[in-house]
Amino acid sequence: MARKITYQQAINEALDQEMSRDPTVIVMGEDNAGGAGAPGEDDAWGGVLGVTKGLYHKHPGRVLDTPISESGFIGAAVGAACNGLRPVAELMFVDFLGVCLDQIFNQAAKFRYMFGGKAKTPVVIRTMYGAGFRAAAQHSQCLYNIFTHIPGLKVVVPSNPYDAKGLLIQSIRDNDPVIFMEHKVLYTMQGEVPEESYAIPFGEANVLREGHDVTVVAIGRMVNFASEAAAAAQKKGVHCEVIDPRTTSPLDEDTLLESVEKTGRLVVVDESHPRCSMASDIAGLVAQKAFGALKAPIEQVTAPHVPVPFSDALEDLYVPGAARIEAAIMKVREYR
Amino acid sequence: MSAIHTLTMPKWGLSMQEGKVNGWLKRPGDAVAIGDELVEVESEKIAGAVEASVAGVLRRQLAGEDDVLPVGGLLGIVADAEVADADIDAAVAAFNASFVPASTDDDAGGPSPQQVEINGRRMRFLLRGEGGEPVILIHGFGGDLNNWLFNHEALAGTRAVYAIDLPGHGESAKDVGDGSLATLVAAVLGFMDSQGLSAAHLVGHSMGGAVALAIAAQAPERVRSLSLICSAGLGAEINGDYIDGFVAANDRRALKPLLTQLFADAGLVTRQLVDDMLKYKRLEGVDTALARLAAALFAGGRQQAVFAEVPAQLGKPVLVVWGEDDRIIPVAHAPAAGGQVRVERLAAQGHMVQMEAAHEVNRLLEHFLS
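Protein sequences appear in the order of chains E and L.
In terms of this note's numbering, the first sequence opens at residue 1 and continues consecutively.
In terms of this note's numbering, the second sequence opens at residue 1001 and continues consecutively.
Derived from the structure by calculation, the hints contain no laboratory data.
Among the clues, some could well be false.
Unchecked claim - Listed below are the simulated SDA-like cross-link pairs for lysine to any residue, each with C-alpha atoms no more than 25 Å apart in a straight line:
{"hint": "1", "chain 1": "L", "residue 1": "Lys1281", "chain 2": "E", "residue 2": "Lys58"}
{"hint": "2", "chain 1": "L", "residue 1": "Lys1281", "chain 2": "L", "residue 2": "Met1016"}
{"hint": "3", "chain 1": "E", "residue 1": "Lys262", "chain 2": "L", "residue 2": "Asn1022"}
{"hint": "4", "chain 1": "E", "residue 1": "Lys262", "chain 2": "L", "residue 2": "Thr1270"}
{"hint": "5", "chain 1": "E", "residue 1": "Lys235", "chain 2": "L", "residue 2": "Asp1066"}
{"hint": "6", "chain 1": "L", "residue 1": "Lys1174", "chain 2": "E", "residue 2": "Arg173"}
{"hint": "7", "chain 1": "E", "residue 1": "Lys235", "chain 2": "L", "residue 2": "Val1068"}
{"hint": "8", "chain 1": "E", "residue 1": "Lys235", "chain 2": "L", "residue 2": "Leu1062"}
{"hint": "9", "chain 1": "L", "residue 1": "Lys1020", "chain 2": "E", "residue 2": "Arg173"}
{"hint": "10", "chain 1": "L", "residue 1": "Lys1281", "chain 2": "E", "residue 2": "Ala323"}
{"hint": "11", "chain 1": "L", "residue 1": "Lys1174", "chain 2": "E", "residue 2": "Pro23"}
{"hint": "12", "chain 1": "E", "residue 1": "Lys235", "chain 2": "L", "residue 2": "Met1016"}
{"hint": "13", "chain 1": "E", "residue 1": "Lys235", "chain 2": "L", "residue 2": "Val1092"}
{"hint": "14", "chain 1": "E", "residue 1": "Lys236", "chain 2": "L", "residue 2": "Glu1018"}
{"hint": "15", "chain 1": "E", "residue 1": "Lys58", "chain 2": "L", "residue 2": "Glu1284"}
{"hint": "16", "chain 1": "L", "residue 1": "Lys1281", "chain 2": "E", "residue 2": "Asn175"}
{"hint": "17", "chain 1": "E", "residue 1": "Lys235", "chain 2": "L", "residue 2": "Asn1096"}
Chain E on its own, in the form it takes in the complex:
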């Protein structure tokens, strides 16, 4: 019986195993070590939700608390990566991207290109995203699409504990800057995770369910709702293929296109706002490259084009769920 741990424990284990394997791996961020005004002293926090807890004493001197200055410490992590370390910096909420975007998209993402391939920037930026945590408009956004837009960044969006561990190990070993998106609602999700170390290559989609009627592509937390919806559709005789791209950059186009060529019907599920989203990106890709195979208009299931509401009732309506996905599946299936 394989061991089950949470998404959060899987991330902690990946950090721990890579820090043990490679002395150049360091962890840094707000409250990553001591926190609570006691920098590095008692491992009190381990990040705002405790993801890095325990690493401080296991790897002395390599888990660093930073000031509340994303522009400073994200820049420091990028600089350290250019100078031989493999920093894993924690941007507490992806919503804070705005204050350190230059360091990410205009510096880290460009070095390899602008220095003719002679520079590498092996930095990982771990960051929490997503709604459902009653954290309101400034702490709940789903901004992986913004990073995906930028050449030079790799963008990872794990949907389960197994993928979280293997993709984070791959992220740390990768020589390019990687944005590692952790959905805060998934932290407590349990799953089978090998104790041994393993890396999942980027750009390799996971096919969670095979089917010949409808292709459902979903990102991050939405993968789990898509699986739920596909199971419900199956009871109505509709067989869905559920695909988790795992990384939005690079994107495993072949697996998506091959599936749509088989089913002819596509639903894309994305927790982001609909404009310039992964949903519109994947819909565009399929419309262009598999147009001849399509038997129905592509359905996009996304959040609405509004900020994430603070009201519990409105937030619950905001996040796409299994019922909406199932309705989209039935709609594309029944289209004539």
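Got chain E; can you put chain L on it based on the hints?
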């Protein structure tokens, strides 16, 4: 009154908690014989057919296509033709009234694999059954103890049966040293020492058969009998393209066509089976382990260690089972039957015959071992 037999969702492997009905192979009213395939079922790991354990008539189909049932859930009823419908209805009602699905809590019930340190390397094994003359199941190249998931419990009714993960495989340590057969032999003998087994019946599949043969050649006193299933170590040829492809494959697209070569029915290579194999192949050290084993044992598509004379000369019972359509190791390697050597060729079966024709292989093994 003749007996009413319930046909229930089987438990294939440790992790199976529910199964999906893929379709019935017999209709209500059809006569069934022992061993007839009645209904196709799929767990998240593997697809297969549920066979009749009694003769009679299929009187009821209680689960339809695509229905998902917990392990132990009622699929149908087999009874003699003269049993009254009312009695069958009563039996179904009684079953449904008392049936409680097993807890989905992983810790509840069922045996768990154990770990032991052999020659400084972690080794995983699963023990089922007790007493009798012990049996050790040895998987093949790239396999693990789950390769025996349809056989292990069936053989463990009257004896202790150990399934092991060889070095480099499953959840055993991934260090295979020089990748030689001697390393694998030392691991199995070390395992026997650790469990206090002076001698055992060795059942080997593919490369595991070569390991069993090498043990028989080196330490015959540790071997009570040999069961060799689509075994390596009996001839020079082996499908080198499969071996090299398997070592190199690192995604679904590359792996799936290779795995289909293992089975006569390509439909058995489910998404989950491919995914589980990928999960194994991603573990740290597996690429090196498989490359070393392949180089030491199967370089250039030729088996480097051949024990063709061992079955006849061992002086102990030897059972050889082979799928006639094996695309990995040719059935022509099966030795001549005679003396204590018994040879069974199974028509229309491939390399993973112990999974694909589990009922038949279990019957042969049970008969041979007892």
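Structure-based check of each hint:
This hinted pair does not check out: Lys1281 of chain L and Lys58 of chain E have alpha carbons roughly 29 Å apart, beyond 25 Å. Simply put, Lys1281 of chain L and Met1016 of chain L have alpha-carbon atoms about 22 Å apart, close enough for the 25 Å limit, and the pair holds. The hinted pair formed by Lys262 of chain E and Asn1022 of chain L meets the criterion: a straight-line CA distance of about 21 Å does not exceed 25 Å. Restraint check for Lys262 of chain E and Thr1270 of chain L: satisfied, since their Cα atoms lie roughly 17 Å apart, inside the 25 Å limit.
Annotation: proposed proximity of Lys235 of chain E to Asp1066 of chain L holds, straight-line Cα distance about 8 Å (limit 25 Å). Pair hint Lys1174 of chain L plus Arg173 of chain E holds up; C-alpha atoms about 20 Å apart against a cutoff of 25 Å. Straight-line distance between C-alpha atoms of Lys235 of chain E and Val1068 of chain L comes to about 10 Å, which keeps the hinted pair within the 25 Å bound. Between Lys235 of chain E and Leu1062 of chain L the CA atoms are separated by roughly 16 Å; this keeps the pair inside 25 Å, and the hint holds.
The suggested pairing of Lys1020 of chain L with Arg173 of chain E is violated, with an alpha-carbon distance near 40 Å, which exceeds 25 Å. With a C-alpha separation of about 36 Å, the suggested pairing of Lys1281 of chain L with Ala323 of chain E is violated against the 25 Å cut-off. Restraint check for Lys1174 of chain L and Pro23 of chain E: the C-alpha separation of about 23 Å stays at or below 25 Å, so the hint holds. Distance check on the hinted pair: Lys235 of chain E and Met1016 of chain L sit about 20 Å apart at the alpha-carbon level, within 25 Å; holds.
The straight-line distance between the Cα atoms of Lys235 of chain E and Val1092 of chain L is roughly 24 Å, inside the 25 Å bound, and the hint therefore holds. A distance of roughly 19 Å separates the Cα atoms of Lys236 of chain E and Glu1018 of chain L; the hinted pair therefore holds under the 25 Å criterion. Restraint check for Lys58 of chain E and Glu1284 of chain L: satisfied, since their Cα atoms lie roughly 22 Å apart, inside the 25 Å limit. Distance restraint check for Lys1281 of chain L and Asn175 of chain E: the Cα-Cα separation of roughly 22 Å lies within the 25 Å cut-off, and the hinted pair is therefore satisfied.
Only pairs whose Cα atoms come within 25 Å are accepted, and Lys235 of chain E paired with Asn1096 of chain L is accepted, the gap being roughly 22 Å.
In summary, the numbered hints that this structure violates are 1, 9 and 10.
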